[in-house]
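Number of protein chains: 2
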Amino acid sequence: MPGIKRLKLVSVAALSFNDARATVLRELGNTMPPPAIESIGFVSSAGRILAEDIFADRDYPPFHRSMRDGFAIRAIDLDLNLRIIGEVRAGQTFNGALQTGETVEIMTGAPMPEGADAVLMVERATRNPDGTVKAIRKNEPNLNVVPRGAEAREGAILLERGTRLDYSAIACLASVGRTSVAVFPQPKVAILATGDEIIEPHETPRPGQIRNSNAWSLAAQVARAGGIPVILPIARDNKDHTRALIEQGLQHDLLLLSGGVSAGRYDIVEPALADLGAEFFFDRVLIQPGQPVVFGRARNRFFFGLPGNPVSTMVTFEVFARAAIQILGGASDTELPLSLARLTVPFRHKPGLTRFLPATLSGGEITPVASKGSGDIAALARANAFLIADPAQAEYAAGDPISVLPK
Amino acid sequence: MPGIKRLKLVSVAALSFNDARATVLRELGNTMPPPAIESIGFVSSAGRILAEDIFADRDYPPFHRSMRDGFAIRAIDLDLNLRIIGEVRAGQTFNGALQTGETVEIMTGAPMPEGADAVLMVERATRNPDGTVKAIRKNEPNLNVVPRGAEAREGAILLERGTRLDYSAIACLASVGRTSVAVFPQPKVAILATGDEIIEPHETPRPGQIRNSNAWSLAAQVARAGGIPVILPIARDNKDHTRALIEQGLQHDLLLLSGGVSAGRYDIVEPALADLGAEFFFDRVLIQPGQPVVFGRARNRFFFGLPGNPVSTMVTFEVFARAAIQILGGASDTELPLSLARLTVPFRHKPGLTRFLPATLSGGEITPVASKGSGDIAALARANAFLIADPAQAEYAAGDPISVLPK
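Note that the protein sequences, when read in sequence, are chains X and R. All residue numbers for the first sequence refer to our numbering, where the first residue is 1 and numbers rise by one. All residue numbers for the second sequence refer to our numbering, where the first residue is 1 and numbers rise by one.
Be careful, since some hints might not be right.
Stated by the list, open to error - The calculated lysine to any residue pairs, modelled on SDA-like cross-linking and capped at a C-alpha distance of 25 Å, are:
| hint | chain 1 | residue 1 | chain 2 | residue 2 |
| --- | --- | --- | --- | --- |
| 1 | X | 407 | R | 132 |
| 2 | X | 350 | R | 53 |
| 3 | X | 188 | X | 334 |
| 4 | X | 372 | R | 157 |
| 5 | R | 372 | X | 52 |
Since the hints were made in silico from the structure, they are not lab data. Model, not experiment: these values are computed from the prediction.
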């Protein structure tokens, strides 16, 4: 067939979804973590990857801390009428030590006075006419004290290198006074859309043309994954032009191509990559959408060839390329945050492929979004999750649990 | 009890978690959506809330589009030997119309030639010695064509006002050429940490003092929810100082207070709010952590009083305040993205409260993170999800499904 060639250059068997993901994690995991680090203020560190371990600078809590408003007492004094000898508020320390029969008024968060080992909650205490206080019931109190060092001992690791800094990690940095922190640089990710039919969003399409949406959705996805997107000009269906842009893309930390990876005569992406000495780890995965997705390495840089239908591009980015960006950025957790939900309707599919379908997740239940296929961007935009149909299970009844990936 | 007063001013019954969330959504939902809109470039619109509907500017696809590389044919010609009369690539249009016995080579994404109504995939065609082509098997082809307008008709709504713009919505904007777009302004959210024991993160704590982490984790949470955080100075345990800062906070779109909402003598936040004429919708919810969470309105602004333990502050923000910011920002979807996961270990809790526990979610399974309670920031930082224990279910076996909220 001289007219139409199958230009797929790799003859590896199609991989299952799990094997393909394992391949990405293995190949990227074998690259060295970036040795460079940079220092930034903790206030603007959300989403960055920690490049150092963070330790407790003192015991946490730094003192025996009252969990309640009430009366600091000796637990063995519970049945006595207790004389109030003072008070201690959060931020203060009580001078002196508690003796038998004595109590100190104490507020939530305040350090326990010396000699006290329990807090009688204010709601469970009563005041006698002579001004002393007493537990309303026997069996009070619970201790209501967090002992010094119970949350962390001085020197303990609180956050590990490779942690993605979210709001809770930022709270952790603030609590130990780490106002500046070492993080890994964000990987620079080149984005190369391909195809003669594509024009830029501000242009008016002629018949047969469509606007470039893939470069812009990929840029948003790269940024969310922690990378810095670098959008290259559109590669036209011409091997020299495509090759030159691929070479430019391979100067960044990762290259994402969209389109040009199916089987036709003018798919010139894989041959252009092959010319550059590319090694292909896979070029077909048993998924839908996105079956012809390509993963490889050239000039010591990894690349993905993402199928050009918009929904295919977005899905294959999420399930393959996102993990690569996380690893290149030094993140230790690259796992897909899969959970489950119960189908609100029966669902069936032809087994053999792992299917990712736009869906709406609500209250532990999931409903597929009506979609016209991998060109139906609006259907994906109406979804807040993907349901993931198992290649080994053809039928699901309403109420059955099914795998869910947040969008 | 003149010495220690219960200063809680509201005598409403404690609300269940679901009732408290419904209260927030109802009260906020009754506010008018912000009438102001602003126009921004679509490239930087990720996370913003759309203030207009977005329509299809033409049919999508704009032409009958080939889904495959192969041969455009008349489906009724399937058993014939077909003469190739030309080719059409993506971005081109074929001049002329197909007659019986003719075919046009066609590439994925290209417009169908006039007269053709199906595509014979290249992998399922064979070429005869005379240069004609023929289907390898009977029962070919599937049509392999997306009809013009199948994904959307010109004028159809693709994205609705109130949509949060994510990567797929950005793809949608690009595809219809909406390079600038109307969005709602981001609500400004004042953050007011309270307490005499609190110092700033760059300061060195004396005995009894701890660093302010809540203002900084809240700022990260507000930004993630689509708001603009405005951190106020720490309010000291002094009614005039606190009142002045609350008044300042109530000049923003929403006020978040942390700390100062428990039952003790020096909790002066609620009295200060009451002085300002506050209306309280709830001041206790049957959850853990975060039971003393307060929600109200003063001077025509909503406020939350979030309990001061760091984990309580973070959790109550996520499950109550986040939805308020979304509504104030014009978002139509405020639902918690709850899903399910199977417990890897048995779990029990004292029923009566809805419990949110730091947990690690992986492959549809969830494991509670060992935690020392609501001061244990590092435990929460190690989690990627909350498991949500039902107030009516005391015991869960390993393998049981349980509710999950992504962190």
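Tested hints:
no. : hint          : verdict
1   : X:407 - R:132 : violated (47 Å)
2   : X:350 - R:53  : violated (36 Å)
3   : X:188 - X:334 : holds (18 Å)
4   : X:372 - R:157 : holds (15 Å)
5   : R:372 - X:52  : holds (24 Å)
Comparing the model with each numbered hint stated earlier shows that hints 1 and 2 do not hold.
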